[in-house]
Amino acid sequence: QKEVEQDPGPLSVPEGAIVSLNCTYSNSAFQYFMWYRQYSRKGPELLMYTYSSGNKEDGRFTAQVDKSSKYISLFIRDSQPSDSATYLCAMSAYSGNTPLVFGKGTRLSVIA
Amino acid sequence: KAGVTQTPRYLIKTRGQQVTLSCSPISGHRSVSWYQQTPGQGLQFLFEYFSETQRNKGNFPGRFSGRQFSNSRSEMNVSTLELGDSALYLCASRTGTEGSQYFGPGTRLLVL
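Those protein sequences? They're chains H and R, same order as listed. In terms of the numbering used here, the first sequence opens at residue 1 and continues consecutively. In terms of the numbering used here, the second sequence opens at residue 113 and continues consecutively.
None of these hints come from the bench; they were simulated from the model. Treat the hints with care, since some could be wrong.
Residues of chain R clear of chain H, computed beta-carbon distances all greater than 10 Å [as the list claims (entries may be wrong)]: (1) Thr-119; (2) Arg-127; (3) Phe-162; (4) Thr-192; (5) Asp-197.
In silico DSSO-like cross-links for lysine-lysine, where the CA-CA straight-line distance does not exceed 30 Å [stated by the list, open to error]: (6) H:Lys-67 to H:Lys-2; (7) H:Lys-2 to H:Lys-42; (8) H:Lys-2 to H:Lys-70; (9) R:Lys-125 to R:Lys-169; (10) R:Lys-169 to H:Lys-2; (11) H:Lys-70 to R:Lys-125; (12) H:Lys-56 to H:Lys-67; (13) H:Lys-42 to R:Lys-125; (14) H:Lys-56 to H:Lys-42; (15) H:Lys-56 to R:Lys-125; (16) R:Lys-125 to H:Lys-67; (17) H:Lys-56 to H:Lys-2; (18) H:Lys-56 to H:Lys-70.
What the simulated footprint calls covered on chain H by chain R, stretch by stretch (three residues with Cβ under 8 Å from a Cβ of chain R suffice, anywhere in the stretch; the number is not a length) [claimed, not checked]: (19) 34 to 47; (20) 98 to 109.
Using N, Cα and C, we set each Cβ at its ideal position, and we do this for glycine too.
Let's have the full structure, built from the sequences with the hints guiding it.
Here you go:
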């Protein structure tokens, strides 16, 4: 079993839809959770950074962490064509000195 | 504040050659990590340097090596290139005391 599992998609939604992206993980030591967005031929861009369980909201983006289920989610409200990208989840056990473990990414297309 | 920069952006090499990639982190960031990204394997961690010392290492052969200089700039070297080394090589920096990493645009390496 891989440490981090993420459905690769592709996921195609109409403009304005609510998008739900998810990752599951197996390592109960993970405490720090991140979501990155990667446009084609670009480096990943940090979207959300959360610690432990709970929700965090930033504009149209909401990150949720459920450590009891080892499950994290990213919700995108009022999706736009500019949100079309690959979304990667990442996580680590400690704050600053352990490597991030990434999911393989979910490719999202928002159709106008 | 300037972001992470990587040079060169594109590179074509032949099997057996060696290559050196360069990364300049965000000012003030002391940690630099390197990742290999391929469509099949996703983002795979190569190694991390912090204050000129290798702090973490992924599961790659010894042909992959790196170093970090006193100004936090880092280089990655791949010797005896193989066709399977064709990938996007990403560099990411962080302060070293917190988890979120910031990525550069990557170097796309093609091995013929």
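Hint check:
1. Thr-119: holds (13 Å)
2. Arg-127: holds (24 Å)
3. Phe-162: violated (7 Å)
4. Thr-192: Nearest chain H Cβ is 25 Å from R:Thr-192, so the label holds.
5. Asp-197: Per Cβ check, R:Asp-197 is outside 10 Å of chain H; nearest 19 Å; holds.
6. H:Lys-67 to H:Lys-2: holds (17 Å)
7. H:Lys-2 to H:Lys-42: holds (25 Å)
8. H:Lys-2 to H:Lys-70: holds (13 Å)
9. R:Lys-125 to R:Lys-169: Cα-Cα ~25 Å, so holds.
10. R:Lys-169 to H:Lys-2: Cα-Cα ~18 Å, so holds.
11. H:Lys-70 to R:Lys-125: violated (42 Å)
12. H:Lys-56 to H:Lys-67: holds (14 Å)
13. H:Lys-42 to R:Lys-125: holds (21 Å)
14. H:Lys-56 to H:Lys-42: holds (25 Å)
15. H:Lys-56 to R:Lys-125: Distance of about 44 Å is beyond 30 Å: violated.
16. R:Lys-125 to H:Lys-67: This hinted pair is violated, its Cα atoms lying about 44 Å apart.
17. H:Lys-56 to H:Lys-2: The given pair, whose Cα atoms are some 26 Å apart, holds under the 30 Å limit.
18. H:Lys-56 to H:Lys-70: Measuring from Cα to Cα gives roughly 17 Å; hence the hint holds.
19. 34 to 47: holds (count 8)
20. 98 to 109: It holds, with 8 qualifying residues against the three required.
Violated hints, in rising order: 3, 11, 15 and 16; the structure is consistent with all others.
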